[in-house]
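First to last, the protein sequences are chains A and S.
Counting along the first sequence from 1, when you hit position 5 you're at 5 in the working numbering, and nothing is skipped either side.
Counting along the second sequence from 1, when you hit position 68 you're at 68 in the working numbering, and nothing is skipped either side.
Everything labelled a hint here was simulated from the structure, so no lab data went into it.
Hints are not guaranteed to be accurate.
[To be verified] Computed footprint of chain A on chain S; a stretch qualifies when at least three of its residues, placed anywhere within it, have a C-beta under 8 Å from a C-beta of chain A: (1) 17 to 29; (2) 33 to 41.
[Stated by the list, open to error] Listed below are the simulated DSSO-like cross-link pairs for lysine-lysine, each with C-alpha atoms no more than 30 Å apart in a straight line: (3) A:K293 x A:K84; (4) A:K277 x A:K15; (5) A:K170 x A:K140; (6) A:K96 x S:K68; (7) A:K176 x A:K220; (8) A:K320 x A:K13; (9) A:K176 x A:K94; (10) A:K5 x A:K220; (11) A:K13 x A:K70; (12) S:K68 x A:K176; (13) A:K22 x A:K5; (14) A:K320 x A:K70; (15) A:K102 x S:K6; (16) A:K84 x A:K96; (17) A:K105 x S:K68; (18) A:K42 x A:K66; (19) A:K13 x A:K277; (20) A:K95 x S:K68; (21) A:K94 x S:K68; (22) S:K6 x A:K170; (23) A:K241 x A:K5.
[What the hints assert, rightly or not] To give an idea of the chain A side of the interface with chain S (calculated C-beta under 7 Å), a few residues: (24) I171; (25) A178; (26) G182; (27) A185; (28) I206; (29) S247.
Glycine included, C-beta positions come from ideal geometry on N, C-alpha and C.
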Amino acid sequence: MIGLKGLLERRPKLKVLIYAGKGGLGKTTLSAASSLLLSKEKKVLVFSTDPQASLSDVFERDVFGKGEVKIAENLYVLEIDADKRINEYVASIKKKIIDMYKLDKLPPDLEEYIDSAAAEPAMYESAVYDAMVDVVAEGKYDYYIFDMPPFGHGIRMIAMADVLSQWVEKITELRKQAYEYGRVAASLKRAKLTYEDEILNELQYIRNRIVAFRNIIANKETAALMVVVTPERMSILDTEKALEMFSSLGLEAAGIVVNQVYPPELAKRPETPEYIKNKIEEQRKYMDEIKRKFGDMVISVVPMLNREPKGLEALSIIAKELWSPSRALEDYI
Amino acid sequence: MGILGKIREVIEGMAIHGQATSILRIKAQIDNLFMIITLGDMLGIPLLPPYYSLRLLPYMYPNIQTWKMYMLRERDVTDRIA
Chain A
1 MIGLKGLLER RPKLKVLIYA GKGGLGKTTL SAASSLLLSK EKKVLVFSTD
51 PQASLSDVFE RDVFGKGEVK IAENLYVLEI DADKRINEYV ASIKKKIIDM
101 YKLDKLPPDL EEYIDSAAAE PAMYESAVYD AMVDVVAEGK YDYYIFDMPP
151 FGHGIRMIAM ADVLSQWVEK ITELRKQAYE YGRVAASLKR AKLTYEDEIL
201 NELQYIRNRI VAFRNIIANK ETAALMVVVT PERMSILDTE KALEMFSSLG
251 LEAAGIVVNQ VYPPELAKRP ETPEYIKNKI EEQRKYMDEI KRKFGDMVIS
301 VVPMLNREPK GLEALSIIAK ELWSPSRALE DYI
Chain S
1 MGILGKIREV IEGMAIHGQA TSILRIKAQI DNLFMIITLG DMLGIPLLPP
51 YYSLRLLPYM YPNIQTWKMY MLRERDVTDR IA
């Protein structure tokens with residue numbers, strides 16, 4: 001196994017690490033461990049959105065919704081409060097309408113429409129991706145590590161980026177056409193046309209954002225999609241599905257990290273309880289399956305600790321194995 | 001409005017009123033299409049991610065009521081006769 005070290009050697013231009021997949025497998029822990037490793041030499045931002053199982057817990061500091069917080073030298077954490085971001089965004093849209101048309105309050109049906117749009121799950125994902133584009137575009141850090149929320153429909157934005165971008169181009173054309181007709185009619189009638197430039201600007205903006213997001217995620221040289229798997233039946237099946245989904249979106253996972261693995265030598269010790277021995281026996285079977293199914297994609301195997309992976313000290317144990325694994329994948333089988 | 005203005009209106013009315021109306025009608029059709037594309041989810045046709053289409057809402061606001069009424073109006077054969 002090449003470890004994170006090997007991955008970086010293979011892809012020297014790597015800037016963005018994305019931990020993706022199902023919840024509860026240790027994405028957040030591995031994101032934090034990766035950030036700890038990379039911050040030894042470069043400036044790193046680790047980014048998460050999930051208020052549960054969060055970086056706040058792992059780093060034992062409350063960072064949720066507090067902007068970019070410095071945790072250690074070169075290591076910064078940003079835990080986005082996506083709900084707050086959506087609320088602010090929606091409030092700004094409402095305010096804009098009220099101000100532009102000097103209303104006392106929004107008509108109830110419009111208010112309802114905006115609120116229901118804000119409550120859609122896709123909205124949450126879009127807001128997260130939009131925040132990602134913001135931090136990467138700012139370019140203040142050498143490495144960006146994203147602890148992604150479990151994927152929903154929003155990720156399809158990647159597959160749709162090309163379509164959407166062409167689509168927005170078409171809409172823009174349509175708008176220009178409307179503008180031409182409007183201008184002629186307006187000059188004939190000596191009326192004023194309103195907001196055409198603003199609409200075109202907004203369309204351009206939307207297109208740029210969608211394309212920017214796609215470019216961050218889909219650029220194989222600068223971004224690596226990491227999938228976390230545990231030696232369990234469900235998790236292996238889920239990973240297979242995730243890999244399938246990625247390829248259907250034109251993406252490619254850069255590496256797989258096997259997490260929460262019991263050290264195999266435990267089974268050989270006489271004092272180890274039968275309970276753990278059975279667990280390790282089962283694990284061997286699944287490690288074999290992982291090797292057969294994912295083979296070279298597995299870059300590291302990270303051990304199950306004898307306590308929760310919290311705080312910088314525990315993280316550094318995980319980080320060490322993640323960076324350059326101390327044994328071969330075969331040793332677990 | 002002075003007498004010149006009145007004369008101007010009359011001449012305009014004779015010369016270009018029809019043209020202006022038909023141009024406005026085309027524009028209205030294009031606007032309609034545009035609104036379906038961008039705010040379609042208001043009528044249950046989601047095309048653009050709502051996170052982004054909301055940005056356009058303020059500029060479309062003045063047309064929304066008439067547009068929705070136009071789109072959701074029940075249509076039947078008597079419409080064609082009328």
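**Request:** May I ask which of the numbered hints given earlier this structure violates, with the numbers listed in increasing order?
**Result:** Structure breaks hints 3, 4, 5, 7, 15, 19, 22, 29.
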